[in-house]
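Okay, here's what each chain looks like letter by letter:
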Amino acid sequence: MSRATERSTITAVLRRIDLKVRFNQTLHHLSVATCLVLSALLLIEVAPLLVPVSVPPETLIVAAGSAAFLAFLIWSQVGGWRLERAAGVADQRAGLHDEIKSAYWFIRQDDSSPWVDLLVGRAAQTARRLDPRRLVPVTIPRRFGLALVLFGLLQVMALVPSDSPLLRFAAASDSTRFERAREAYADEIRDLIDGEGDELLDEDALALLEAALEELEAAETSFDDVLRDLREAQDELDEGNLEMAATRDALEELLQEFAGSNELAEFVDAMMNQNLSDAAEGLRDLSDQLGDLAPQDLAELGERLQDASQIDEPVIDELLEALREAADAISEDRLEDAKEALKRVAAALEEIAQRQARQEANNDASDAAEAMQEALAQQPGGSPGQAQAQIAQSQSVSGEQSDASAASPSSEVTRSEGSDGTQSGPAGNATGDPSGNELELGASTTLEAQLALEVIDGETPEFAEEERELDPEDLFQEASRQQSSIVQYSDVRAPSQYSQGSALNAERIPWRYRSLVKKYFLAIRPDERK
Amino acid sequence: MTTTQLDSIDSRVSEFTDQFQIVKEEISRVIVGNGEIIDGTLISLLSKGHVLLEGIPGIGKTKIVATVADVLHLAFSRIQFTPDLMPGDIVGSDVVHESDTGEKHLAFQKGPIFTNILLADEINRATPKTQSALLEAMQERSVTVGTTTHRLRPPFFVLATQNPLEMEGTYPLPEAQLDRFFYKLKIQYPEADHMHEIMDRTTRREEPEAGMVLDRDQILVMRDTARSVPIARSVQDYAIRLTLATHPDTPHAHPLTQRYARFGASPRGTQTLVIGGKVNALLNGRVHVSCEDIRAFMLPALRHRVLLNFEGEAERIDTDMILEAIMKDTPEPSE
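In order, the protein sequence lines correspond to chains A and B.
Residue numbers for the first sequence follow our numbering, beginning at 1 and rising by one.
Residue numbers for the second sequence follow our numbering, beginning at 1 and rising by one.
Chain A extracted, bound-state conformation (with noise of 0.2 angstroms):
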């Protein structure tokens, strides 16, 4: 046999010996590629169940795959015969002892002499032996295998029914989530306006709430629209809070001034109860025994009802001119006109109860908007980018609140009121820094944090630098530390008046805040009587 014969025998087994490899090997990148495609499937079809998140179409998937799969195909073939790989292969598989190896080293440096060939003949016999079919056979791939089992899971992850509870979560990825979505929040809205009974929601909130569920039931409308509505409904539905608050305060103090008269005792238990339907009935027991009360008694009744008028809470003003009336009548002995003054003040208490259970039922409802409001946001078929955006802006204050994180819909702390409409100015710190750093107006606060802090006591900070010549803030700073006002109100009013002003415009008070804001203030207040 020629030195060229036993050459191209070798170089010719390699050629075969090389196919078989990269069959092989084109085999393993397939079952590769095909896990990963169909993970990815698979992740596709699992992570809406699991997270609120859009995905791609599974078209996209698999053609991505395809042509990445056909692109690394092509590299990889690129560059022709890697015959020195297959030397490598058929020594190894063979157990040759780098015979073919050696051979084909040899063979490619074109080098004679007789041990060369001696060793290219040999090798030739060799490769002549050799079956490359055997030597290098077809391997599937045990990654097919799990290639399979994601495909089983991927027809499994088919059979479930789309309206699962599983699926809840995926009512966003795609347009009939969306609307399935959209179904459930106007279902909701609509308990809400049902549930609650249009007789006791305000009338104003009861319009909005109307208009978000109009909204959600337009088709072209977007979940940022109805975010919009639901939170000026819930604007609404929160604005007599502030109103019921200073109504409490006043019956307390009304309370107050009753206190120890037996003529009253029944009035003054029920109010203590907060029944004021109770009080209201036991004023209209005591107008009807007015008749039958001893003259010391009825002069005694008169003064404290005389007394009780006298109070300054403009919130019950219905209810204290009618018991001036009935105060007057008494100390006139005109106990008709009297008695007929005691039941308007029963009847001015009924009004109240009935403006604080409409007000509880708003708070219900507001509530309910809130929590709405909250879900919303988190629709990513609704444009979250844009809701989140959008509750960011109606929180920043004068563009100055700038984190992000204070955007978050659950931060009810930092929302803005906007109760007329306008966002006016920056929010400063109306309640002291504890920490003593400087205050800086136009600053946001988060009043929730602050008023806590101030709740806690023995908590506060030493003031080491009380020597210190203090401006204005760290005055009003100090008094709230010392939960005490060592200087006179007007002097730090003006410079806090601007940020109290700013925080209850610019920043969203919740209302079960509200009464311990309201508070507050007022312990800062001076005694005007005075």
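In case anyone wonders, no lab produced these hints; they're calculated from the structure.
All C-beta atoms, glycine included, are put in the ideal place defined by N, C-alpha and C.
Reference excerpt, derived from the structure (chain A facing chain B, CB under 7 angstroms, subset only): (1) 97; (2) 98; (3) 102; (4) 118.
Computed spacing ranges between beta-carbons, pair by pair: (5) B:14 with A:113: 13 to 21 angstroms; (6) A:133 with B:314: 53 to 61 angstroms; (7) A:59 with B:250: 51 to 59 angstroms; (8) B:310 with A:153: 58 to 66 angstroms; (9) A:56 with B:255: 39 to 47 angstroms; (10) A:25 with B:233: 19 to 27 angstroms; (11) B:285 with A:112: 16 to 24 angstroms; (12) A:112 with B:218: 27 to 35 angstroms; (13) B:330 with A:131: 28 to 36 angstroms; (14) A:146 with B:233: 38 to 46 angstroms.
Result set (SDA-like, lysine to any residue): computed pairs, CA atoms no more than 25 angstroms apart in a straight line: (15) B:328 with A:92; (16) B:328 with A:97; (17) B:328 with A:95; (18) A:20 with B:234; (19) B:328 with A:84.
Following the hints, position chain B against chain A.
Leaving out everything else, chain B in the frame of chain A:
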């Protein structure tokens, strides 16, 4: 290339294998076990190398050397190294010689080094000065006395023995001299069945003797045959990578080398791997060197060429452990 030439080479390869086997069998008539030691010794002989045999007293180091000398039809000398041995006692010296006419002149008196097989028994008992007298002879195959260089007749094969236990009054071989030994072979205790065989052979009236089976010319032909074996670049690269892995300050260094080695094997170590691999390939009937051949005698080829650092010495690290890790972690070429 004619078929006759190829057949000639083929027959040389067969002869090489057969003759090696004959020598080994003849030695085995006297020496029990120690197959690797015998193989290593003969491979060194056929690779133009020298062997350092290390082992505790009484396990047959000198016997192996003497038996190797017996089976080869070569001149044999033995030098018992002692502290008072002088270089001149090894290489010879000029002495005053008186002719029949009464004329006196200096004549070179050849020392025992002028032989084919030299047994340097307990080489580490001689002083470094005397040990170094062997340096030129081992590497250059010549001896220089005064201004005259005397060539040693090939084959020149040094078989040195040393005892690792007795450190008192010994002089460890300098690194330069260690590097000149092709292999460092460690003789271990014989196993139980081998001990029986040794007792049977050595406690009778007549001990077995080995006959001469290989003459000088045959050895020289075998040497030539061994060096003719071609080696592919990838296999040679593997040998180089194994050697580089013993160099502590190179990027190729094995982690154990970096930690415990002070110096790695020299290029002479790589030569040893390659030439030893060629002989091993022939012994396996192949005309090419495989990675397996390179690995086969890597331990005796490199164990005396890797020098431990202080940490290695302190932790009593065996260089064999480092080399085995290198063999395990250095991948064979795939192409």
